[in-house]
Amino acid sequence: MTHEIIISGFGGQGVLSMGKILAYSGLMEDKEVTWMPAYGPEQRGGTANVTVIVSDDPVSSPILSSYDTAIVLNQPSLEKFESKVKPGGSLIYDGYGINKPPTRKDIHVYRIDAMDKAAEMNMIKVFNMMILGGLLKIHPIVSVESVLKALRKTLPERHHHLIPMNEDAIRMGMDIIREV
Amino acid sequence: MADKEVTLMKGNEAIAHAAIRCGCDGYFGYPITPQSEVLETLAAEKPWETTGMVVLQAESEVASINMVYGGAATGKKVMTSSSSPGISLMQEGISYMAGAELPALIVNVSRGGPGLGTIQPSQADYFQTVKGGGHGDYRLITLAPASVQEMADFVDLAFELAFRYRNPAMILSDGAIGQMMEKVVLPPFKPRRTEEEIARECPWATTGRTGMRKPNIITSLELRSEEMEQNNLRIQAKYRVIEEKEVRYEEYMTEDAEYLIVAFGSAARIAKKVIAIAREQGIKVGLLRPITLWPFPTRKIAELGKKVKGILSLEINAGQMIEDIRLAVECNVPVKWYGRLGGIIPEPEEVVEEIKKMTR
Chain A
1 MTHEIIISGF
11 GGQGVLSMGK
21 ILAYSGLMED
31 KEVTWMPAYG
41 PEQRGGTANV
51 TVIVSDDPVS
61 SPILSSYDTA
71 IVLNQPSLEK
81 FESKVKPGGS
91 LIYDGYGINK
101 PPTRKDIHVY
111 RIDAMDKAAE
121 MNMIKVFNMM
131 ILGGLLKIHP
141 IVSVESVLKA
151 LRKTLPERHH
161 HLIPMNEDAI
171 RMGMDIIREV
Chain B
181 MADKEVTLMK
191 GNEAIAHAAI
201 RCGCDGYFGY
211 PITPQSEVLE
221 TLAAEKPWET
231 TGMVVLQAES
241 EVASINMVYG
251 GAATGKKVMT
261 SSSSPGISLM
271 QEGISYMAGA
281 ELPALIVNVS
291 RGGPGLGTIQ
301 PSQADYFQTV
311 KGGGHGDYRL
321 ITLAPASVQE
331 MADFVDLAFE
341 LAFRYRNPAM
351 ILSDGAIGQM
361 MEKVVLPPFK
371 PRRTEEEIAR
381 ECPWATTGRT
391 GMRKPNIITS
401 LELRSEEMEQ
411 NNLRIQAKYR
421 VIEEKEVRYE
431 EYMTEDAEYL
441 IVAFGSAARI
451 AKKVIAIARE
461 QGIKVGLLRP
471 ITLWPFPTRK
481 IAELGKKVKG
491 ILSLEINAGQ
501 MIEDIRLAVE
511 CNVPVKWYGR
521 LGGIIPEPEE
531 VVEEIKKMTR
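Protein chains in written order, with our numbering: chain A, 1 to 180; chain B, 181 to 540.
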């Protein structure tokens, strides 16, 4: 089983770190993983995207033409990646950043209002973990336990008290994602 | 970090960790995207407090390579890393090291050129690396990693080859392999060699003359042409041995292949995806991945060239390695090129289209 994902949004939204946690969670389950950022001069406010591949087999190309799942957190990302979702694949978008919703009928489209929810609950910092929760609800690529294990492993000890907040965000994301 | 632990890291970080672990004595470098994590990781790891390895940010790439020359002259395991424009600045020093027969490791995490170009991945430094770059008749032992694991593994291998043949070695990588994160098992710790070990293993090195030993002189200068020709002949003879003994490559699905892709580094990763898609569509494609770009797997490509209907040289440049492939097969089989330029990485589907064109 191989899952090829693109996560795309504005710099500063936690796109790259969300991808990193997903990749690390795959590692916790002994899966093969590749995390390939579209690195560049982009900074906060610019565009950022990362390809994450989680697989039971060795990963070939870290660069892909099409994806099983695209997570788009702003309009330019939607316009860039909607056409690149494989037929039958999934597109997840945050309602906040999108004014022209996706139109394809041959893919599954999911909406998650994580930005609104995170603002409402004063959890903006774990907005990306809400999105990750949404992804894991529709595609349980890795278990929530593995994500928490990955967080314990990657976060410095002094930030470990934030892990429960991350878990809450993941569960909240699982709760609020809806197929459109 | 435990010895056999599987961890997730960037290719650039793997280079830095592997350098510390293989007993490297010194790193001299200057930051440039997309390889700055090498120096950053070394600075964060502070190996000068553990193994005693020197890590120094020089004032420029020219200074870095000359510090490497100095360290190598004393038999130390020294290295530098940079990206394309920085590597161009180092060419004089690299040529001098080849001439003075000094072992050292140079890592190029290349980006799109020419000139200052872009910071995105590219393989456009192939010619510079395997055909010279600097002046004079010399060669660089060149390893092309295709994964983060190989970034880690090739550091020790490059040093080993550099010292075995007293010649600089290069790891030619690119921004994609440098920036992506993958699983990696870091090599086990090897202590740095002691002064006595260096004196024993590198009798040529300027380790400080004791007793009646003849002075060791490290230089590439020889104004007497007859002597200089002899120096060149000796170096060329060494290159023939390297070409005979050190060719490395990976063969992938070539047994029944009707078409062959030749690709190195990140392009070889893309090629494997291309092969999967092409085979689903009934086109039998295989891959020959040169791991050493010099020495080039000429004989292997000639042998495979006899079995296939066509070869595609997949390169993230305007077609450089294709010249070596054509020389290898002596035009007995059509060889086509496909690639993208300026920091764009070809996507698997567009390469599949090129393969389809070859079948028509």
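It is worth saying that the hints were derived from the structure and are not from the lab. Fair warning: there could be bad hints in the mix.
Here are some, though not all, of the chain B residues that point toward chain A, as calculated from beta-carbon distances under 8 Å [unchecked claim]:
(1) K184
(2) P211
(3) P214
(4) L269
(5) A356
(6) Q359
(7) K363
(8) V365
(9) I450
(10) V513
(11) L521
(12) E527
(13) P528
Ideal placement from N, C-alpha and C gives every residue a C-beta, glycine not left out.
Right, here's what the structure says about each hint:
| no. | hint | in the structure |
| --- | --- | --- |
| 1 | K184 | 14 Å, violated |
| 2 | P211 | 15 Å, violated |
| 3 | P214 | 6 Å, holds |
| 4 | L269 | 22 Å, violated |
| 5 | A356 | 6 Å, holds |
| 6 | Q359 | 5 Å, holds |
| 7 | K363 | 6 Å, holds |
| 8 | V365 | 12 Å, violated |
| 9 | I450 | 4 Å, holds |
| 10 | V513 | 25 Å, violated |
| 11 | L521 | 15 Å, violated |
| 12 | E527 | 4 Å, holds |
| 13 | P528 | 5 Å, holds |
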